[in-house]
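K.L.:
Here's the letter readout for the chains.
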Amino acid sequence: GQQVMQIPQYQHVQEGEDFTTYCNSSTTLSNIQWYKQRPGGHPVFLIQLVKSGEVKKQKRLTFQFGEAKKNSSLHITATQTTDVGTYFCAGYPYNDYKLSFGAGTTVTVRA
Amino acid sequence: DAGVIQSPRHEVTEMGQEVTLRCKPISGHNSLFWYRQTMMRGLELLIYFNNNVPIDDSGMPEDRFSAKMPNASFSTLKIQPSEPRDSAVYFCASRDEAEFHGELFFGEGSRLTVL
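Sequence order for the protein chains is A and B. Just so you know, we're using our numbering here: the first sequence kicks off at 1 and counts up by one. Just so you know, we're using our numbering here: the second sequence kicks off at 1001 and counts up by one.
Just so you know, the hints here were simulated from the structure itself, not pulled from any lab data. Among the clues, some could well be false.
Subject to a maximum C-alpha distance of 27 Å in a straight line, what follows is the list of computed DSSO-like cross-link-like pairs (lysine-lysine) [stated by the list, open to error]:
hint	chain 1	residue 1	chain 2	residue 2
1	B	K1078	B	K1024
2	A	K56	A	K70
3	A	K57	A	K98
4	A	K98	A	K51
5	B	K1068	A	K98
6	B	K1024	A	K36
7	B	K1024	A	K98
8	B	K1078	B	K1068
9	A	K98	B	K1078
One chain only, chain A, in its complex shape (with noise of 0.2 Å):
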C-alpha cells in the first residue's frame, strides 16, 4: 500500500539555528498536508500543497512540493522554543479518502 516515510525521525536544534525534514511518498500524490503537535497535544493542520513544485511560506516555515508530486519538505529558519513538537507530513493518493501519515519529526530546541 502507499506509505510515506519521513525524515529524520528526532532532530534537536540550537535556537537560531535552521533545520529541514523531509517527506516521500511511495505513490504521487493528490496533496500533501503538514501537521504539528505540541508535547502532549493533538495535531494540528498547518497547510495544504496541491500543486506539482508549490512552495509555501508562513512566517519562519517554507513548505515545499515535489515537481513529481511524490516528496516535500518544510524548512524552517532561525528556530525558536515555541517550534518545539513533531511534525507529521500526510499524503492523500488520487482517488483515496485515506490520509497517510508519516512517522513525524520531533523537534526539540536547546535555549
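Please build the complex by placing chain B on the supplied structure of chain A, with the hints as guidance.
P.N.:
Below, chain B without anything else, positioned relative to chain A:
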C-alpha cells in the same frame, strides 16, 4: 465552533475491563476517523466513517475493538476486553467532505492506560 470533542481525556483501567471512548465531530463534517497513536507505531488509522457508515475498518486491530456512529454527531470506540497493549492515545478526527481531500480536525485525544 467547539471543534472535535472527545471524552474521556484520560482513562486508567485494568486488564479485562471494557473501555468506551466517545467523540463528537464538528457539526456539518460528514467524515469521521479514529486514530491510535503510540511511540512504536505512530498514528494508525483504525476506522473511517462517511455519513455515519463505516467505510473502512481494516485498521481495527482485532475483534476486541468495535466502533459505531449512530448519528452524525456522535461516535464511540469500544475495547472489550482491554489489554495492556491497548495503552495509547486515541484520536478522533473529522473532515468536511465538501473539501475534497481536505484537512483533518483532530480532537484532543483520549489517553488510555490499561494496567
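K.L.:
None of the hints should be skipped; say for each whether it holds.
P.N.:
Structure-based check of each hint:
For the hint linking K1078(B) to K1024(B), the alpha-carbon distance of about 15 Å falls within 27 Å, and the restraint holds. With a C-alpha separation of about 17 Å, the suggested pair K56(A) and K70(A) falls inside the 27 Å cut-off, and the hint holds. Between K57(A) and K98(A), the direct Cα distance comes to roughly 26 Å. Compliance with the 27 Å bound is thereby established for this hinted pair. Taken as a hint, the K98(A) and K51(A) pair is honoured in the structure, with Cα atoms around 19 Å apart against an allowance of 27 Å.
For the hint linking K1068(B) to K98(A), the alpha-carbon distance of about 19 Å falls within 27 Å, and the restraint holds. Of the supplied pair hints, the one linking K1024(B) and K36(A) holds, its CA atoms being roughly 22 Å apart against a limit of 27 Å. With a CA separation close to 20 Å, the supplied pair K1024(B) and K98(A) stays within the 27 Å bound. Taken as a hint, the K1078(B) and K1068(B) pair is honoured in the structure, with Cα atoms around 8 Å apart against an allowance of 27 Å.
For the suggested pair K98(A) and K1078(B), the alpha carbons sit about 22 Å apart, so the restraint of at most 27 Å is met.
The structure agrees with every numbered hint stated previously.
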